[in-house]
Structures are given as structure tokens and as C-alpha cells.
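Put chain B on the given structure of chain A with help from the hints.
Number of protein chains: 2
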Amino acid sequence: MDGYNRDVDLKPMDAEQFREHAHKMVDFIADYYKTIENFPVLSQVQPGYLRNMLPDSAPNHPESLDDIFNDVQAKILPGVTHWQSPNYFAYYPSNSSIAGFLGEMLSAGLNIVGFSWITSPAATELEMIVLDWLAKLLKLPDEFLSAGQGGGVIQGTASEAVLVVLLAARDKVLRRLSKNALEKIVVYASDQTHSAVQKACQVLTNYPNLWLLLPNSFVSSLWNLCICQCFNANSFLSRLSLLSVRSLTYDSRNPSGELQVGTTSSTAVDPLLALGKIAKSNGMWFHVDAAYAGSACICPEYRQYIDGVEEADSFNMNAHKWFLTNFDCSALWVKDRTALVQSLSTNPEFLKNKASQANMVVDYKDWQIPLGRRFRSLKLWMVLRLYGIENLQCYIRNHIKLAEHFEGLVAQDPRFEVVTPRIFSLVCFRLLPPRNNEDNDKKLNNDLLEAINSTGKIFISHTVLSGKYILRFAIGAPLTEERHVTAAWKVLQDEASVLLGRL
Amino acid sequence: MDGYNRDVDLKPMDAEQFREHAHKMVDFIADYYKTIENFPVLSQVQPGYLRNMLPDSAPNHPESLDDIFNDVQAKILPGVTHWQSPNYFAYYPSNSSIAGFLGEMLSAGLNIVGFSWITSPAATELEMIVLDWLAKLLKLPDEFLSAGQGGGVIQGTASEAVLVVLLAARDKVLRRLSKNALEKIVVYASDQTHSAVQKACQVLTNYPNLWLLLPNSFVSSLWNLCICQCFNANSFLSRLSLLSVRSLTYDSRNPSGELQVGTTSSTAVDPLLALGKIAKSNGMWFHVDAAYAGSACICPEYRQYIDGVEEADSFNMNAHKWFLTNFDCSALWVKDRTALVQSLSTNPEFLKNKASQANMVVDYKDWQIPLGRRFRSLKLWMVLRLYGIENLQCYIRNHIKLAEHFEGLVAQDPRFEVVTPRIFSLVCFRLLPPRNNEDNDKKLNNDLLEAINSTGKIFISHTVLSGKYILRFAIGAPLTEERHVTAAWKVLQDEASVLLGRL
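Chains as they are written, first to last, in my numbering: chain A, 748 to 1250; chain B, 748 to 1250.
Worth flagging that the hints you see were computed from the coordinates, not collected in a lab. Keep in mind that this is a model prediction, so the values were computed, not measured. Errors might be hidden in some of the hints.
A pair holds if it fits inside one copy or across any two, identical chains being indistinguishable in the list.
Said to hold, decoys possible - The calculated lysine-lysine pairs, modelled on BS3-like cross-linking and capped at a C-alpha distance of 25 angstroms, are:
{"#": "1", "residue 1": "Lys-1189", "residue 2": "Lys-1215"}
{"#": "2", "residue 1": "Lys-771", "residue 2": "Lys-781"}
{"#": "3", "residue 1": "Lys-1027", "residue 2": "Lys-886"}
{"#": "4", "residue 1": "Lys-1237", "residue 2": "Lys-1215"}
Next comes chain A alone, as it looks inside the complex (with noise of 0.2 angstroms):
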């Protein structure tokens, strides 16, 4: 036996060729960083515009890295909307930071696949653990404290996050009724919930309509699942919260018009526990998404807006969204982890080990739906040790006051109006349409809305809220100054000046 390395050039781990290579790329990622501003925020190609730019296939023959930097420079960087530009204020924040690249970097390295503890104690353990931190952090219940029933494990995305919970309520209920039950079953969601909770309706059931959108939506006789969502798109929570509550207290099939209560920013507590409350004397399964807002809780003075999380059922937030931890890291916890289990396991002999087997361990594969999962608990648990919690408050606290400073400037301009009453970082505005020109308010603010984002010089989206077209500014980015705010307020103004002096 001999020579089957003989045609081997390829050294595919060689540790100094690693190095070599790793430190180039280090330094054209901190060289991007330092000229993130010189992009277009929002990618201003066309579709298509790469198709041509690149080879019909695979090279049979190794390419240089000199090259392969060139070509992310000339080919891949045109076509990035850079979420890391201190001009970028559209969806939500997808934040990176040193600490959490940095763990990136070392959960790729070891590249493990940690399906169950044994194939690396340490990065269930360290999961687990690092989500106990950051649970208390949030002053969540210790039910949801992994010493317990519950547990906190990272997800992908708050979208498999509601998936996993779905799934667990209603196989909870499917147990206590029958597999048969399926069509009965409800879920229960404010009409401003992410479009996340339908997909996992679609998912999970195939009954489109168990997706219930209050108040516009039947309710059926049998109320089994709940799912509350807060903070994530709007600061109409209050609002939406406490419709919820009235269209399940009145009467559900016949939700009135006494449901529109206005929305304020203080009432957004009481509706948290109230629902909560309902939900569990209906033997329902409570679901809390704060996959934005989420981050601000480690903040005293906005701990507020989760009062009410020790009714639910499972609580969510995205790590990777406004708390310096890179994508993906989204983190759920749950109070009763055996309902996960329960609905996720599966208990192949390939997989089996001493430790599983005598039920001493967490495997995490039962609770989420792939079986592989990387080491993403070292990224957080890098932001958490290489900021700390004071310097993290202050990181919020900043982005919640650069968002107050916007909505200062909406306010002084009579052109615009904020739409809604900003709780945390996120401004609901839009321009005004001219007197004579009311019913012209969704086009004049999506072209607003298309020109400034055409300009490359920020990057905002927008939504629709009771049917108006709005503009949505969201703070979030981790190198946005007061003077990237104040610029991009500027290139609203302009913009909308223009577009105005055109009607």
C-alpha cells in the first residue's frame, strides 16, 4: 500500500499556510471596515449583474488568493448592501463587532458540529451556561434557567425559534386531545406579528387560516396555542397587545370597534401579563418574540417593556440583531424543555452514547430542527466578557438616544410627521403629502423612499401601518455616530424637497 498521497498538492490545513492566508484576510476585512463609507449603503446593481462577471463553471485548476481578493473587490463588494455602514438604517441592525467575529473565527476553526454533548461538551455546556447569563441579565424567570425544567438554547433565527415552539405547543395539545385535532387548533397573533409566525403555521399545519390575525380573523371554539409578539416591528405593541386581549376577554368572532385603543408607549406592560395570564388559565402556550427589543431589556429602564415574560411559556431574542453578536445567534428559552424534546428528538443508534443514554446531558439536536449546530455560544459569550454588561447598557442607551435625536429633526420639520411614539431605537415617519394632494401620501413616500435609497448614500425600508405607507429609520448599527444621523436626515430633507417642489 503506498503513494496515495503521491498526487496530493493540496494542503487544505497546512497551519502556516493558514496563517499566511487568515492574516491576509484579516486585514482586507479591518481595510473594508475603514472604508465601509465609500460604498453605496444599498447595493446599486441590476439582477443578473453577476451572471456575467463570472466563469460558466468550477476552475479545474487552483486559483490564487490574490486574485480571489480581487475579484470580492471588482464583482462581490458592488453587489453587498453593507449592514455594517454607519448609513445603514433599514430593517433591523444586524450587528457585528470585534468580539463577536472574533468568536466567528474560533467556532469556524474548531469547526465541530455539536449535535449531542459528546461530540464537544464544551459547546453545549458553555450554551448553556452563557444563556443562564444572559437570562439573567434579562431578569427573565428562573424557571427559564437551564437548573431547572427550562433552558436557553441559541437558535438560528427568531424564525426557527417560533417554529420550534409551535411545534412543542402543539404536539403538547395534540397529546392531551388527539393527533386528529390538528384543524382546532389555534394560534393566536397580533396582526403585526412577523410574517415569521405564518410561515411556521404553514409549516407545521397546512391550515393556512390557523394563522390568526386579530381582530380581522375567525377564532375557533378551541383556544390552544398563543403566541405574542412584541417589540419586533413597531412600537404599536400596546395597541396590538391589547387587542389581543380584549378580542379573547369580549368576544372573539365578533371583534368590535371599541378594539382600536390607541397606542401609547407606557401601556405596553400591563398587556404582557394580561395576555399572559389568559393564555394560561386557557391551558394556552405562551410565546414571547423580542427578537429586537429583546436587547434593550438588559437596560433597568426598559426591563419594563418584558414585565409580564413570567407568564410565558418560551421568551426570544436575537442576539445578532442589536447585541454585538455576529449572525446568526438567537437565543430561546423555554420553560419546560421536555416539550422541545419531546417534539424534536430522535434517537438513532448512530448517535447513541453513555452520556445521552443515561439522560445526564443536554443534547441539543432535540431541541431545534437541524441535527449539526456550530460552536455559536463562544461568539456571545465573547461580547458579553470582552464588553461587559455596563459597556453594553451604554452601547443601547447610545442608539436609543441618536434615535430621539432623529426624532427631534422629524418633528422640527411641519413636512414630516413620526407616525408613532418611538419607544426604543426605531423611528416611524413619513412626509406629509401636500393639502391638495392627500390621497397621494403611499407613491410621494415610496418615492421618497426609492430615491433615497437610490443615492447610496443611507439606507432606510419602510412598512404599512393602519393602512398608511411609513418610513421606518432604524438605529442600530454599531459604528453609527450622531453625525452619520444628522447627515441622513439631511439627505431625507433633500430628497423630499425635491420631490415635493416636483408636485
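Then chain B, alone, in the frame of chain A:
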């Protein structure tokens, strides 16, 4: 308005600090690779080991990077099972490579969230292009290319791939029949299929009996879905495929004894084709999972094992297993992308944009469970370019030759037997029980497994085939050379001698 930066010492994205810290991490990881053979391959820690080594809560103030490196060295690495060790032979490999790592770095550096085309056109377009490259390399039928009605997408894992295709298949059937027909749907899969299929059925249907394990389970009168798992668990594939074919063709409700067809590596081709024809003629969805061995099919001499993929509706291989692309990167191709999109799309206002609304682009959010997604095509692109096709083929061939070498060593020792014919780089074998002790074979091999893995010198895993407890020796770590395989065999022989001596 002033002062909101005053309290913020935190510069989480300072380019120069990024450079300095990330260079340190590169050196840390390079040094890890250099010394990787010093660690026990399978972590030898006890459950709960980490809890007492770390504080109860996150620190209030920042800690230094050096402190973190010290903790990684002293507390994390002892709890790591070293999948990148050249002495790792368990489960299947999880390849890291310089190219894959560089791709992970760049992806983490850009940290975009590519749910829609507009959120980074390059992320969507590079993924389409690179999956076309890989499809061509695997000689997949043209219908899987993005130019037509099909296309490729990167899923996190094969579990997610099989879930989304089962979902698409389920909904396709239900659209044709009625949404209440759920309990009539049958999923056909071999009894050696991966647990991911069971999990997908649990998620999608809540009828575990929809998971059909031939030849032991019932067959509904309605055939709608056909999952054909090949190459994933072991070389039993041909038998399994034949089982499926026969039970479908003959009498599916009464699989008879004649279904026990023996295995040969060369008969693996026809069943896939035959199965596909049966699936097609019965209106089934036909999915081929080649998560592990798909990589081998880039070599012309191994491509035969997916002959018949022409009949498939979907095909999956994991580039993160044996194709030098860091976890996670599971490539899925479908012939009819509309089927996926119909089941997985949502169209919330806040994600609407011109390009998507005009149907000019692919929005991968509608091809997967999560909304957000990383720029994973970068690493696959870098692997293909930095190594080139010929080197990648050599890489695969080298591992297969090493497995042949190991198989030869086992065959030369009469105390052992090779249980199934080896096709790729996995050898299934066992220690034969002494004549007077034949009932002891499971315990003997389990004891051998535990003894071997406790040495920390190598890590292997096991399975059960036809009631026999089997040891699995899977070659595929990038650092593995002949000397490691030879040494591993020596460890096995020595431990076997000790065990047999005790009997």
C-alpha cells in the same frame, strides 16, 4: 442634543482594534492546528465540567482578550471533541479548510443578512452561480440548474434540506387532493434512512406513522412521497434501495422474506433509477440524499452511484462534510423551485421591494425555514477556486484509498471482520466474539469502542446493522494521512488484545 457618545468607551468595530485582535485569533487558531494531535480526540471531560469553571453571571466590566484566550485554552479546549484532528474517524467528517475558513471570515466580516436579493444581491447571485458550478461538477441534470425552473440553494444541514422538500412535496399533494388528506400521505424511506426524515415527518405531520420504515411498517393505499436516502449511513444502500423497489413493485402491504436482498457495491446504480421511475409513475416526489457521499461523485469513477438522479425531484449533498467547506453548507437542488416557494413564501409589507415584486430575482428566504441567512456561498466559492476541481478529486480519492488501506488491515486480522463492502471512505467492521462467547458480540464491540475512545488517541463511532453492533471508521478529516490510519489500526488491535485476553 449632545453627549450621547460620552459614556461609550466601547468601539466594537474600530478597524485597527479589529485588525490587532483578529490577527491574534489567527495565530491562536494556527497554533491550535499545529498542536491538534496533542489533545485527546474525544473530549474526556465529565458532564457539567464547565459550570464550576466559569462565573455565575456575565461580568460588569470588560475583560481582556488575553484572559479569554487563557480560558479558551484552559477551560474550553479540554471540552472540545476535535473534529479537525487527523485521528478523528467518528460519524462523518466535518471538513475545515483554509479556503472554507477564509470564506467564513469574509462572511462574518460583511455580516449581511441575505433573506432577499436586495439585502445583498451578491449573496443571492453568487449562491446561484456556485451551486450551478457544483451541479455541473456532479453532472446533475440540467433541470437542477438555475437557468430553468429549478436551482440550488444552501441550507444549513441535510435535515433542513429534507424538511423543506418534504414540505413542498406534502403541500403539492394536498393541493391536488384536499388539505384534509394529510393522514393519507405516506413517506417511503429505507429503514436505514437518516433520522432527519423521521424528524421532518414529526414536524410536518404530527403523524409519526407517516414515516414508513420498509419492510416493517404499513403502506397506505395512497403513495405520494418517496424519500430515497442513499450513501448516507453506510454501504447498505443497494439493499435498501432494492427493498424499496421491491416492496413498491410487488406487494407493498406484505413485504415478504424475499426482500432480504444482499448488498453489493456495484448494484447501487440501478435501484436509484428504478426507484425514481416508480416514484414518477406514481406521482411521488423523489428526493435523493447524498449528504456524505455526494462529494465523491465529483470523481468520474464514482459518479455512477448517483446514476438515476435524473429521475429525482430534489438532490442534496453536504459540502460541509467531505468537501472542505466549513460547517454549515448543505447544498440542495430542486427541479421545480416553485414548489418550494409555494410552501415557504411569505410576503410581509416590511420586506417588499421593487425587484422582488417584479419577480426579477430569487429571494432565498422563500426556499428555507429561516428568514435570515448568511453569505455562505463565499466559502464554497473559495473552496472551488483556491483548490480547483482536480485537487478536489485527488482529495476525495486519497481518502478512499486510505479507507481501502484500513479495510485491508482489518481483513488481514482474523479476529476482526469487515461487515459491509466499503464503497467510499467509511469502513464498517467489528471484532468477532470468540467461539465460546458468541452472544457477547455487542458487549465486546461496545467495550472496544469505549476503550478506544477513552484513550483519546482516536475517536470512532458505531451503528447497528441487521442487529449487529458495528464499528464505523470514517476517513475524511483533511489532516489525516496514512500514518494516522495505520496508527489507529494499531490502537484498535492493541485494545482488542486486551479485551479478548480478559474473556
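Status of each hint after checking the structure:
no. : hint                : verdict
1   : Lys-1189 / Lys-1215 : within (7 angstroms within a copy, 69 angstroms between copies)
2   : Lys-771 / Lys-781   : both (15 angstroms within a copy, 19 angstroms between copies)
3   : Lys-1027 / Lys-886  : within (21 angstroms within a copy, 55 angstroms between copies)
4   : Lys-1237 / Lys-1215 : within (23 angstroms within a copy, 73 angstroms between copies)
Hint violations for this structure: none, all hints satisfied.
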